[in-house]
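Assemble chain B onto chain A, guided by the hints.
Protein chains: 2
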Amino acid sequence: MHQRPPFTLITLGTGAALPARGRYPTAQLVQVSGGCYLVDCGEGTQERLRAIGFNFQRISDIFISHLHGDHFLGLMGLISSMHLMGRQQPLTIHGPKELQEIIGVQLRASATYLRYPLHMRVTTPVNGTLLMEDEHVVVTALELQHRIPCTGFVFRERPGPLLLRPDRVSSIPKFRRNAVKMGEDLRLGDSEPIPNAELTLPPLPARAYAYCSDTAYAPSLIPYLKGVDLLYHEATFTTAMAARAKETMHSTAEQAAMIARDAGVGRLLLGHFSSRYKHAEVLLEEARPVFLNTELSYEGGVFHIG
Amino acid sequence: MHQRPPFTLITLGTGAALPARGRYPTAQLVQVSGGCYLVDCGEGTQERLRAIGFNFQRISDIFISHLHGDHFLGLMGLISSMHLMGRQQPLTIHGPKELQEIIGVQLRASATYLRYPLHMRVTTPVNGTLLMEDEHVVVTALELQHRIPCTGFVFRERPGPLLLRPDRVSSIPKFRRNAVKMGEDLRLGDSEPIPNAELTLPPLPARAYAYCSDTAYAPSLIPYLKGVDLLYHEATFTTAMAARAKETMHSTAEQAAMIARDAGVGRLLLGHFSSRYKHAEVLLEEARPVFLNTELSYEGGVFHIG
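In the order they appear, the protein sequences are chains A and B. Take the first sequence: its letter number 21 is residue 21 in the working numbering, and every next letter is one higher. Take the second sequence: its letter number 73 is residue 73 in the working numbering, and every next letter is one higher.
Bound-form chain A, shown alone (with noise of 0.2 Å):
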């Protein structure tokens, strides 16, 4: 067996726009091989990363999809104990153009001079954009469709090594295996080297996590979301708010689980639930009949992806 680096999803929040029934705002991390990235930041995640015992400073880079309250309000806070608790390495944070002058505002009204570099990219809410990569991930932009400017996320792992073939791994001393899967031939002494593609197999498939909240029902998503491992997408109404979810550009379960099942994604994690909802299994039932494999997320849950 291949021992696959960890990636993790950590959903913080599950609530919608108005805060109720013990939810949080959407806030989500996601953790992948040694990276750290926070996805949204709702009112309050701070205290709910401390609640997880999750020291802060790990993150790298935070992505907010859009600026309504639900999904930013905490993004200040976050910054600033950050300062407070000496963070010197930079802190990235990728969102639409508004969030400079918000962020920046209120670091003037403060008097606040971070003491670690604090860089923003301004996101292009255009399906495929490259918005980030590291040795860890590559991030790319979903166009969603909300009342206001809305990006969502793909978090694919960068490809993992080659695999050595199990008919050959014998012959390969230890000390030469790393290059070997690095993609390099292997020389021993003066004989002709045996070329790389005798000896390996195609790196394990990476792994990708989607993101998608908030938005409508938007099947123009479905190409950009083929081979995702897990998908969250918001389901903020059932079907009989179907009316209401289309007004307010949101999505009902179902059509929640006609995205994962039209794009063939492994699992479906659904979120983002209405107050009204005061038990989110009503939720479950009516997208599991269309997609099997569909979860509720939950204040704190972890999910590990492919």
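It is worth saying that the hints were derived from the structure and are not from the lab. It cannot be assumed that every hint is accurate.
Here's a subset of chain A near chain B, in silico, CB distances under 10 Å, partners left out [as the list claims (entries may be wrong)]:
{"no.": "1", "residue": "G44"}
{"no.": "2", "residue": "R50"}
{"no.": "3", "residue": "G53"}
{"no.": "4", "residue": "H66"}
{"no.": "5", "residue": "L67"}
{"no.": "6", "residue": "P96"}
{"no.": "7", "residue": "S110"}
{"no.": "8", "residue": "G128"}
{"no.": "9", "residue": "G189"}
{"no.": "10", "residue": "D190"}
{"no.": "11", "residue": "P193"}
Part of the chain B face toward chain A, derived, beta carbon under 10 Å [claimed, not checked]:
{"no.": "12", "residue": "F54"}
{"no.": "13", "residue": "G69"}
{"no.": "14", "residue": "F72"}
{"no.": "15", "residue": "G74"}
{"no.": "16", "residue": "L99"}
{"no.": "17", "residue": "D190"}
Keep in mind it's a predicted model, so treat the numbers as computed, not measured. Glycine residues also receive a C-beta, built at the ideal position from the N, C-alpha and C atoms.
Just chain B now, kept in the frame of chain A:
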């Protein structure tokens, strides 16, 4: 006995800049007769208000002392939730002038058109300045000493009605008593009117609550705190940290007690405890030798004024 209308303070958060140890950032609810006012609004205040079962639509005015995040980052979320829950009655926010821009840019970015009138009134941190008056209360400013402009608040109830002299009350017909309490002379039939002064005593002294956070030790406040029944004063540090207090323009618990003693207030309430103190009792112990009638504020604490 004269039944007085309630005048209470609820402390929702007692932490300092860095949230920790189960403490929340600063927010206080002041209630005078039927009036409800919020003083400062740190991140998560709307959740705290829900936790104590308080209908925050009753708040007519919010007073923001200064623009450090732990005193106002919950404001946008509260404004937004009031909107989503159908508020129609006006809300007035009293705060530093930059607050208008901070709120404006966020409302614009989220394309939020509030259903209720939101009024902004710029506070002037000059001792004694009248900030607001309504039928319940008069609010004046205190000039706190902090790294950025910072306004404290004195809430003084409207003077109550005149008191009927116990030895004359039986001679006043019941249906005339309210008029006499309001200052009218007593006219009965054709007889000579009885002057009001012969029938009444002055009203009970108006009760007052003063809020001082954040501030360095500021004896210049003392004349404006005379006769205050309850003084909330920040006590971020112990005396061992006096240099740090001075540098960051905060107070020690002992300094808070000196202000209370020298102003001759009725009672002192400490808050804004640094996260370095696991138990705030160390601060209480340093204040009481200077001013005995001192208490610690706590999350959800209810204090009766006067």
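How the hints compare with the structure:
no.	hint	result
1	G44	5 Å, holds
2	R50	8 Å, holds
3	G53	13 Å, violated
4	H66	8 Å, holds
5	L67	4 Å, holds
6	P96	7 Å, holds
7	S110	5 Å, holds
8	G128	25 Å, violated
9	G189	62 Å, violated
10	D190	65 Å, violated
11	P193	59 Å, violated
12	F54	14 Å, violated
13	G69	5 Å, holds
14	F72	9 Å, holds
15	G74	7 Å, holds
16	L99	8 Å, holds
17	D190	65 Å, violated
The structure fails hints 3, 8, 9, 10, 11, 12 and 17 (numbered hints given earlier, in ascending order).
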